[in-house]
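Q: Below are the chains, spelled out letter by letter.
Protein chains: 2
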Amino acid sequence: MPIQIYNTLTGKKEPLETVEPGRVKMYSCGPTVYDYFHVGNARAFVVPDVIKRYLRDRGYQVLHVQNVTDIDDKIIQRAQSLGVSVDEVVDRYTRAYLEDLLRLGCEMPTVLPRARDHVGPMIDLIRVLFDNGLAYAAGGDVYFSVERFPRYGQLSRQEVSQLEAGARVEASAHKRHPADFVLWKAAKPGEPWWESPWGRGRPGWHLECSAMSMAYLGERFDIHTGGADLIFPHHENEIAQSEGAVGHPVVTYWVHNGYINVDGEKMSKSLGNFWLFRDVADRWGAPVVRALLLSKHYRTPIDFTEEALEAQARGLERLYRTVGDLARRLHPDAPQLSSEAAAAGPAEQALERVLQEKEAAFHEAMEDDFNTAMALARLFELAREVNRYLTEAEPAPQPGPQPTLHRAYRLLIRLGGILGLRLDEPLHSRADDGELLVPLVDLILEVRQQVRSERRFDLADQIRDRLKALGIQVEDTREGARWILSDASR
Amino acid sequence: MPIQIYNTLTGKKEPLETVEPGRVKMYSCGPTVYDYFHVGNARAFVVPDVIKRYLRDRGYQVLHVQNVTDIDDKIIQRAQSLGVSVDEVVDRYTRAYLEDLLRLGCEMPTVLPRARDHVGPMIDLIRVLFDNGLAYAAGGDVYFSVERFPRYGQLSRQEVSQLEAGARVEASAHKRHPADFVLWKAAKPGEPWWESPWGRGRPGWHLECSAMSMAYLGERFDIHTGGADLIFPHHENEIAQSEGAVGHPVVTYWVHNGYINVDGEKMSKSLGNFWLFRDVADRWGAPVVRALLLSKHYRTPIDFTEEALEAQARGLERLYRTVGDLARRLHPDAPQLSSEAAAAGPAEQALERVLQEKEAAFHEAMEDDFNTAMALARLFELAREVNRYLTEAEPAPQPGPQPTLHRAYRLLIRLGGILGLRLDEPLHSRADDGELLVPLVDLILEVRQQVRSERRFDLADQIRDRLKALGIQVEDTREGARWILSDASR
Chain P
1 MPIQIYNTLT GKKEPLETVE PGRVKMYSCG PTVYDYFHVG NARAFVVPDV IKRYLRDRGY
61 QVLHVQNVTD IDDKIIQRAQ SLGVSVDEVV DRYTRAYLED LLRLGCEMPT VLPRARDHVG
121 PMIDLIRVLF DNGLAYAAGG DVYFSVERFP RYGQLSRQEV SQLEAGARVE ASAHKRHPAD
181 FVLWKAAKPG EPWWESPWGR GRPGWHLECS AMSMAYLGER FDIHTGGADL IFPHHENEIA
241 QSEGAVGHPV VTYWVHNGYI NVDGEKMSKS LGNFWLFRDV ADRWGAPVVR ALLLSKHYRT
301 PIDFTEEALE AQARGLERLY RTVGDLARRL HPDAPQLSSE AAAAGPAEQA LERVLQEKEA
361 AFHEAMEDDF NTAMALARLF ELAREVNRYL TEAEPAPQPG PQPTLHRAYR LLIRLGGILG
421 LRLDEPLHSR ADDGELLVPL VDLILEVRQQ VRSERRFDLA DQIRDRLKAL GIQVEDTREG
481 ARWILSDASR
Chain B
1 MPIQIYNTLT GKKEPLETVE PGRVKMYSCG PTVYDYFHVG NARAFVVPDV IKRYLRDRGY
61 QVLHVQNVTD IDDKIIQRAQ SLGVSVDEVV DRYTRAYLED LLRLGCEMPT VLPRARDHVG
121 PMIDLIRVLF DNGLAYAAGG DVYFSVERFP RYGQLSRQEV SQLEAGARVE ASAHKRHPAD
181 FVLWKAAKPG EPWWESPWGR GRPGWHLECS AMSMAYLGER FDIHTGGADL IFPHHENEIA
241 QSEGAVGHPV VTYWVHNGYI NVDGEKMSKS LGNFWLFRDV ADRWGAPVVR ALLLSKHYRT
301 PIDFTEEALE AQARGLERLY RTVGDLARRL HPDAPQLSSE AAAAGPAEQA LERVLQEKEA
361 AFHEAMEDDF NTAMALARLF ELAREVNRYL TEAEPAPQPG PQPTLHRAYR LLIRLGGILG
421 LRLDEPLHSR ADDGELLVPL VDLILEVRQQ VRSERRFDLA DQIRDRLKAL GIQVEDTREG
481 ARWILSDASR
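Taken in order, these protein sequences are the chains called P and B.
Counting from 1, one number per residue, gives the positions in the first sequence under the working numbering.
Counting from 1, one number per residue, gives the positions in the second sequence under the working numbering.
Source of the hints: derived by calculation from the structure; they are not laboratory data.
Note that CB positions come from ideal geometry on N, CA and C, so glycine has one too.
Hints may be right or wrong, so weigh each one.
To be verified - Partial list, derived from the structure: chain P residues whose beta carbon lies under 10 Å from chain B:
no., residue
1, GLY22
2, ARG23
3, TYR60
4, LEU63
5, PRO109
6, VAL111
7, ALA171
8, SER172
9, LEU276
10, VAL280
11, ALA361
12, LEU390
13, ARG414
14, LEU436
15, LEU437
16, ARG448
Input sequences plus hints: build the corresponding full structure.
A: What follows is the structure, given as structure tokens:
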């Protein structure tokens, strides 16, 4: 079956046909690096990651570009509020983004372009837009003239004539039309700037995605992803810039993911109803967050609740436990079914059929516009059947190969891998282990308090000295013991 | 002063002149993802990272491509020895590489191209080499004919006529000349393969760097880095392929870093005298490894010893402590020097001069072929002077701005940042905190053993239950208590 993709531009599902046979070129809108990303942002990273993994499993070579917006008003404001330089904000949160992206189980994109390193190509693009009569300078800024681009509004299905300055359209005295948007902003005092033919300033946000997508993927590429909140104005403006420059459509499929909702409202920084991914991952483990983000079709909203996380945690625990049980059963030292029993028994034949059915159903789900909700359900079902087999089938004492179980193991690992779940590794990662530090030290100090209250001061002192050797300084106060992790002493 | 770079191709230092004004395009040979990387590999990642950071500080926009070799004999062998699929080896070690790269304090490269996603452009490149009369097919493989490329040997300063099959030149019955190298290998059973005009097979290792560097940086770019062991044959062959295809030099500056030595021998996987970066980082902290790798000029060998690590650890502890002391002194709640005293005192004036001198000396070192040894020494000296000031200057009780101290803080952070040391963050990171898990649990169990020996079974049981609630299963055996981290129960 060909893969079907829902295209926001046409409003329907279409079969995947790539510009270059066997290769998929995909661009995803990445983060603005002014804070840690929240669970809503995380969905926009997980969706293209799963698309990429599935396409690769289907034999495509995939080039994936995901930008880093490191020029932005929010970054400048954040630097001011933290009392540090803009560069420090960018360094800190770019790094945090990459750490969190890995922790979320995402592959690194092939290209991670930072806006700051691509100001040259952005200026070149503005030049072309001037040549094509689509840009004008006013009040030190440069604007895109939406009235000069006939297809403006095609993605968000709006008429230019209906667009007035409002919620998502910024008013300005210099604009010829309220929906015109800035390509180049004149520098204000204390802000980062670059030289340009229009004076010192910085590129508009929309411009970077046009310049950086075409710089790495060319003038025609296959898939563009982003959150549904980016359809207008960001992606509408990106289309205007890119098509306005090259004179033809650049992106074939526009893919937009739905929101993460909290009490019925979109999780967002500006509403204040957000949970940082790293905090949720600390508490629940990163794979639980990932599973939650895949638990619905990518265009469907997801309600972010304790219950939903709890359900995913329970599901994953069963899934990982089954894979672990299976690995132990297949271990060379374990008692094995005899070759004949393993191959010929009715239980094995039934399991073999289950493997084939679940694999086919998994692919059917993913082919249908990457329906991870259905695919994840098939994976859970597969694990349940394997678990039932393991519980019911008695291993014979003599060693021998168990081909069906080996196939079951490989299939679980492979399908899990397509969803970015690494079922052969512990559910809780090394990064999560750091989280045990606080409860462990607290526990030791409670025990110490106990032995102190029994006047066992020698043991209490010994515990304090041992902790100190590990770089943990304990201070006894009237309210009890306090501790800090002393970096210098380690 | 212009930046001077030592160019292996010309054998001398040359001033940096970029192809495109204000932008530097750099390619670095990345890892083959078949194992965790060792400290010797780590140097080849840290060197371009520091070059990139310094060039950006100097105002350049930097594009950095660092490839991931995920098609290779070593990967296939590793998959066989681990009993897992080639894809699993690639996934596991690509991810580990990226985690370790971040932990090493490296920025992500702009582009992280995987060989598997670029087989198409590699095949295209072979076609061009055929057209140019430089490639021939033999025995199912395709080879590059070194005798047809007149400049072969220019980088490693060898004559083609002197090159015979030997240590670094593989013999083959199909080759016309012993130094000819493979561009396309016919598939062997059980190996990954791709379709090509020459049958099913896979690209040669040298080919990927030619194809992927030009795909992202164009036919002329500025800097190519790699370990000195790559000069021949890898980079010699890359030049032959790239120049052979486009007809002119592609890379301006060839930059090669020296080895990490263990007892006088190059640290390498094949010699078995290697330490994995993650293991050394677990024990010493990642910044200590990074400082060691920067403690000599990049072309100078470094002896990997306990004493060298110990020296860097001591140096960094002083450096981070000084920055921490300075931050506390500058904290709004701390007693501050009065504005006049801070600006006008002779101690402040002396410190101001030190800042200027050390900053200039730091730049002088980095401009001279990125001499990180000298630059790091200047940073340590700067911290020492700041520390002396802090120790000797008495803070006046009244609050007020301390402009010199603020400048000192900013300068330390910025120069540290150029070397990839984040002086405003703890020396030991979250990743290192996970390492406290084992000693902390061991300590708790020792205490438990102690109270048990005193027949305090209630307290011992309580400790066991509390650990269990944290996912740590304790089992009492005749040899003492054993514990495991149980993932399923968390």
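Q: For every hint, state whether the structure bears it out.
A: Structure-based check of each hint:
1. GLY22: holds (7 Å)
2. ARG23: holds (6 Å)
3. TYR60: holds (9 Å)
4. LEU63: Constraint on LEU63(P) satisfied, holds at 6 Å.
5. PRO109: holds (8 Å)
6. VAL111: Holds, about 5 Å.
7. ALA171: It is violated, given that the least Cβ distance between ALA171(P) and chain B is near 33 Å, above 10 Å.
8. SER172: With Cβ-Cβ at 29 Å, over 10 Å, it is violated.
9. LEU276: At 14 Å from the nearest chain B Cβ, LEU276(P) fails the 10 Å test, so the hint is violated.
10. VAL280: Since chain B brings no Cβ nearer than about 15 Å to VAL280(P), farther than 10 Å, the hint is violated.
11. ALA361: Result: violated, 22 Å to nearest chain B Cβ.
12. LEU390: Status violated, d = 15 Å.
13. ARG414: OK, holds: ARG414(P) within 10 Å of chain B, min 8 Å.
14. LEU436: holds (6 Å)
15. LEU437: Hint holds; LEU437(P) Cβ to chain B Cβ min 5 Å, cut 10 Å.
16. ARG448: holds (8 Å)
In summary, the numbered hints that this structure violates are 7, 8, 9, 10, 11 and 12.
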